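Peer 1: Chains as they are written, first to last, in this note's numbering: chain A, 1 to 125; chain B, 1 to 837.
These aren't lab readings, by the way, just hints derived from the structure by calculation. Take the hints with a grain of salt, since some may be wrong.
[Stated by the list, open to error] Capping the alpha-carbon separation at 20 Å, the derived lysine-lysine pairs in PhoX-like fashion look like this:
no.: 1; chain 1: A; residue 1: K64; chain 2: B; residue 2: K675
no.: 2; chain 1: B; residue 1: K234; chain 2: B; residue 2: K121
no.: 3; chain 1: B; residue 1: K197; chain 2: B; residue 2: K210
no.: 4; chain 1: B; residue 1: K451; chain 2: B; residue 2: K467
no.: 5; chain 1: A; residue 1: K89; chain 2: B; residue 2: K675
no.: 6; chain 1: B; residue 1: K144; chain 2: B; residue 2: K121
[Said to hold, decoys possible] Not everything, but these chain A residues come out facing chain B in the computed CB check (under 8 Å):
no.: 7; residue: A32
no.: 8; residue: G72
no.: 9; residue: Q77
no.: 10; residue: S93
Bear in mind that the values here come from a model prediction, so they are computed numbers and not experimental data. Glycine is no exception: its CB is placed at the ideal position from the N, C-alpha and C atoms.
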Amino acid sequence: MTTTTELYKTVDLAEVSTWYKAGKTTQFPVGAGATIKYEDKQIAVFYFPRQEKWYACQNLCPHKLENVLGRGLIGEQDGVPKVACPLHKKTFSLTTGENLNGDCPAVAVYPVKIEGDYVYVGFAD
Amino acid sequence: MKKVVLVGNGMVGHKFCELFSRHPKRADFSLLVFGEERRPAYDRVHLSEYFANRDADRLSLASTEWYADNGIALHCGESVTNIAHEKKCVTTASGQVHTYDYLVIATGSSAFVPPISGKEKKGVFVYRTIEDLDAIMDYAETIKSREGASATVIGGGLLGLEAAKATMDMGLKSHVVEFADRLMPRQLDERGAAVLKNTLTDLGLGIHCKKNTAQIGGNGSITHLEFTDETELKTDMLIISAGIRPRDELARQSGIDVGPRGGILADAQLRTSAPDVFVIGEAALYKGMIYGLVAPGYEMARVALGTIFADADAGTMPSTIDMSTKLKLIGTDVASFGQVFTNPEEARTIVFNDEVSRVYKRINISNDGKKLLGGILVGDASDYNMLHQIVQNNMAIPPQPEDLILGVRGGADAGAGVLDLPDTAVICSCENISKSQMTGLLDSGEAQSVKDLGTCCRAGTGCGGCKPMISDLVNSYLKSQGKVVRNLICEHFPYTRQELRDLIAVKNIRTYDEALDQIGSGNGCEACKPPLASLFATIYMETANPQAAIQDTNDRFLANIQRNGTYSVVPRVAGGEISPRHLIAIGQVAEKYDLYTKITGGQRIDLFGARLEELPFIWEELIAAGFESGHAYGKALRTVKSCVGSTWCRYGMSDAVTMAIELENRYKGLRSPHKLKGGVSGCIRECAEARGKDFGLIAVEGGYNLYVCGNGGARPKHAQLLAGPIDKETAVLYLDRMLVFYLRTAAPLVRTAAWLEGLEGGIDYLKSVVIDDVLGLNAEFELEMKGLVAAYKCEWKEAVTTPALRARFQTFVNTDEGDDTLEFVGLREQKMPKPWN
Numbered sequence: 001m002t003t004t005t006e007l008y009k010t011v012d013l014a015e016v017s018t019w020y021k022a023g024k025t026t027q028f029p030v031g032a033g034a035t036i037k038y039e040d041k042q043i044a045v046f047y048f049p050r051q052e053k054w055y056a057c058q059n060l061c062p063h064k065l066e067n068v069l070g071r072g073l074i075g076e077q078d079g080v081p082k083v084a085c086p087l088h089k090k091t092f093s094l095t096t097g098e099n100l101n102g103d104c105p106a107v108a109v110y111p112v113k114i115e116g117d118y119v120y121v122g123f124a125d
Numbered sequence: 001m002k003k004v005v006l007v008g009n010g011m012v013g014h015k016f017c018e019l020f021s022r023h024p025k026r027a028d029f030s031l032l033v034f035g036e037e038r039r040p041a042y043d044r045v046h047l048s049e050y051f052a053n054r055d056a057d058r059l060s061l062a063s064t065e066w067y068a069d070n071g072i073a074l075h076c077g078e079s080v081t082n083i084a085h086e087k088k089c090v091t092t093a094s095g096q097v098h099t100y101d102y103l104v105i106a107t108g109s110s111a112f113v114p115p116i117s118g119k120e121k122k123g124v125f126v127y128r129t130i131e132d133l134d135a136i137m138d139y140a141e142t143i144k145s146r147e148g149a150s151a152t153v154i155g156g157g158l159l160g161l162e163a164a165k166a167t168m169d170m171g172l173k174s175h176v177v178e179f180a181d182r183l184m185p186r187q188l189d190e191r192g193a194a195v196l197k198n199t200l201t202d203l204g205l206g207i208h209c210k211k212n213t214a215q216i217g218g219n220g221s222i223t224h225l226e227f228t229d230e231t232e233l234k235t236d237m238l239i240i241s242a243g244i245r246p247r248d249e250l251a252r253q254s255g256i257d258v259g260p261r262g263g264i265l266a267d268a269q270l271r272t273s274a275p276d277v278f279v280i281g282e283a284a285l286y287k288g289m290i291y292g293l294v295a296p297g298y299e300m301a302r303v304a305l306g307t308i309f310a311d312a313d314a315g316t317m318p319s320t321i322d323m324s325t326k327l328k329l330i331g332t333d334v335a336s337f338g339q340v341f342t343n344p345e346e347a348r349t350i351v352f353n354d355e356v357s358r359v360y361k362r363i364n365i366s367n368d369g370k371k372l373l374g375g376i377l378v379g380d381a382s383d384y385n386m387l388h389q390i391v392q393n394n395m396a397i398p399p400q401p402e403d404l405i406l407g408v409r410g411g412a413d414a415g416a417g418v419l420d421l422p423d424t425a426v427i428c429s430c431e432n433i434s435k436s437q438m439t440g441l442l443d444s445g446e447a448q449s450v451k452d453l454g455t456c457c458r459a460g461t462g463c464g465g466c467k468p469m470i471s472d473l474v475n476s477y478l479k480s481q482g483k484v485v486r487n488l489i490c491e492h493f494p495y496t497r498q499e500l501r502d503l504i505a506v507k508n509i510r511t512y513d514e515a516l517d518q519i520g521s522g523n524g525c526e527a528c529k530p531p532l533a534s535l536f537a538t539i540y541m542e543t544a545n546p547q548a549a550i551q552d553t554n555d556r557f558l559a560n561i562q563r564n565g566t567y568s569v570v571p572r573v574a575g576g577e578i579s580p581r582h583l584i585a586i587g588q589v590a591e592k593y594d595l596y597t598k599i600t601g602g603q604r605i606d607l608f609g610a611r612l613e614e615l616p617f618i619w620e621e622l623i624a625a626g627f628e629s630g631h632a633y634g635k636a637l638r639t640v641k642s643c644v645g646s647t648w649c650r651y652g653m654s655d656a657v658t659m660a661i662e663l664e665n666r667y668k669g670l671r672s673p674h675k676l677k678g679g680v681s682g683c684i685r686e687c688a689e690a691r692g693k694d695f696g697l698i699a700v701e702g703g704y705n706l707y708v709c710g711n712g713g714a715r716p717k718h719a720q721l722l723a724g725p726i727d728k729e730t731a732v733l734y735l736d737r738m739l740v741f742y743l744r745t746a747a748p749l750v751r752t753a754a755w756l757e758g759l760e761g762g763i764d765y766l767k768s769v770v771i772d773d774v775l776g777l778n779a780e781f782e783l784e785m786k787g788l789v790a791a792y793k794c795e796w797k798e799a800v801t802t803p804a805l806r807a808r809f810q811t812f813v814n815t816d817e818g819d820d821t822l823e824f825v826g827l828r829e830q831k832m833p834k835p836w837n
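Looking at chain A on its own, in the form it has when it is part of the complex (with noise of 0.2 Å):
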């Protein structure tokens, strides 16, 4: 049981070392996010349809540490695609997970990957 931000740390898509099949794409919901746990990690997967893009960051919101981002709002600002955490409104960029609209500290980010029906997110461990 932890929610300490040390749990989580950015992957790189060079540094993947295990790419964990969380679930088939019809499993997510289209144009938000849902969450996924890995060992005890909680990652929020985020499903972008008119881009055709997925993103995944952690689902621990930096600000008050609660397991709450993959239930908040997507969407872009200057088309970086971020999200919205439910309980403050703190947004984050999907891509490099810093906050862009204060100064909370970023977010991890993981690679996702979709093969055949089914959604990937990549780990470094």
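Use these hints to put chain B onto chain A, whose structure you have.
Peer 2: Chain B alone, transformed into the frame defined by chain A:
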């Protein structure tokens, strides 16, 4: 290429670099900067904010990358030790020698420490740099545990008071010791300072004026102060903030002229006695004075840079420097402007002194009664920007000058507005931006908002004190030009909510995606999704289920997210009437799912702590017991509160409960720009607080009085009388019309009270629309409401009975487990989330 060397990387030094980087002729020059501190320039004006977050990055004015990107060579942690101005070269601490064509000294100032014996003791600090603040915070940690630990600040000026506030926030008992007979002696007169003293004393600060510190007592570490009047003050630490001294030692030892009491002599072009050597900022002695404010420092940077670049409009320093300031102090505002102190031969004064609210205002008026010379504001400085402009621009003042601080008593419009200022009026003094520069940008269309002006010309980006005035200017100016100030939804939809509503209805747009394709751009965001969802709900009677992904987070899960990410559940209890059987059913559900229960302000019961995956199960049971959604999560009708009315109450004049239930059931599920609340009181005792609601009915002789557009909350507002006495049916008819009019025309997240405030003509206009049908739309309004009422569906019932809709309540896609990180603690027989750190 000419070579410029800048010594000093403080705020003014950085301003010089910033202006340099933007100068059209910058390619003809190179710039080499030496800073003594190890980090690049930071914002010293807001230094005390460091105490709150200890985050140096937030104070940073520019990064080393910025310097690199702009081709400016910055050497931090490297001080210059000698200037050989005959040879035009400087030597640094590490022995480097650099030649220059122009040298700019911006060495700033250091804290002045009076020669008090014992100042070397442990626990004695100055207040100047981030390192000083770090040392103060670390030391405060070590003394905190002591019984009644206290801190004292020597110096009752702005910085001293800020430091005292910071030590108070650290949990220490705090004192301020001032040598003069009052606080802020340079900015305030005796009465103003007395008001400030009383405010600060109320906050728990110890204020000791007219005290001359003779000795800092203690064995190794400070334990007390001894004053020349032989009194003592016990203290565990001391911060000295007794003024500044210009850093002129480099110039002095290099043979550049300095003033008798310090400061490097500067002419109106900021030239020193040595050729091609300039001085700017707090190190400069200009007209016999050192200027410890950022605005004159920035002006010096501008003039010096213009002179070096030989600009045609380089300008010179004005012969008198404006020392007006507005400060946000601990729990109060203080401002002084123009000529603060005057004698009876040159001016008359008007004083407003309110000892109850602790507000003091003084203005100095020329003896002929025509000009405002200056003044002081304590406690309420909201008039500062306008008064300062009147002084700066020598503007005419009203025949009753007291109107300037008291407002016009008796209706008529109060004095000068921002549009009356002359074009040359400098609105943003940090960046030296005049009114005409800003209106020019507004005219050309380059800027349309306060934010745009900040981007285009940096107006308002310095201390930020002028922002209210800039905002005023943008709104009044655009309006005066016949331009509508439009509240656009976001970057994806360049429309107001009302325009969007019309477009969606006319083009029969059914989904958010279609809206983006047909009338928007890009891919949407969290700002435009919920307003569009609200529009689909009112135009097509759509519940929050079909387009769940665009709903605001609470609507998406049909529950209110609480601080630990669990939800609260609120079943509808129309009019607040609930049978014992229903009460028991709620109790059983709450017990089964271990939910914290509380009665809400809207006469219903809130069940807290439901996990996401439990929501559909909880609702299945509630629905089976006869409940439906209470829409507490939506921008929608919430409740219609009632008193018990004539059925039981011996004073009641109407059956308020039945009326409330009928109204709540009529409008339930109605989505609107903001939440909607109603109330019905059975007599004028008004126990239902109906006038604090968006709509309220109060029973009177002959029917009901109908009040609209009130609210409680942060800005309480009483609802205003729309009609009455009228019968029940007429009341419902008027309400139908008024609500649809509001649904159609209000901006997102604007409640009815604010909406009415923005309606030209106010309540009289609303009456003419709703009662006299001046728009000729009432038939349409009534039909629309009829459709909305008929289309009502309980969206929770829809969600639990449709498997595809239920899937969204699973916590994890890949497992049925719940979230094992949730932690609760006990609370009076119930539970609550573990508090945030």
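Peer 1: Please list, smallest to largest, the hint numbers that this structure does not respect.
Peer 2: Hint check: 1, 10 fail, others pass.
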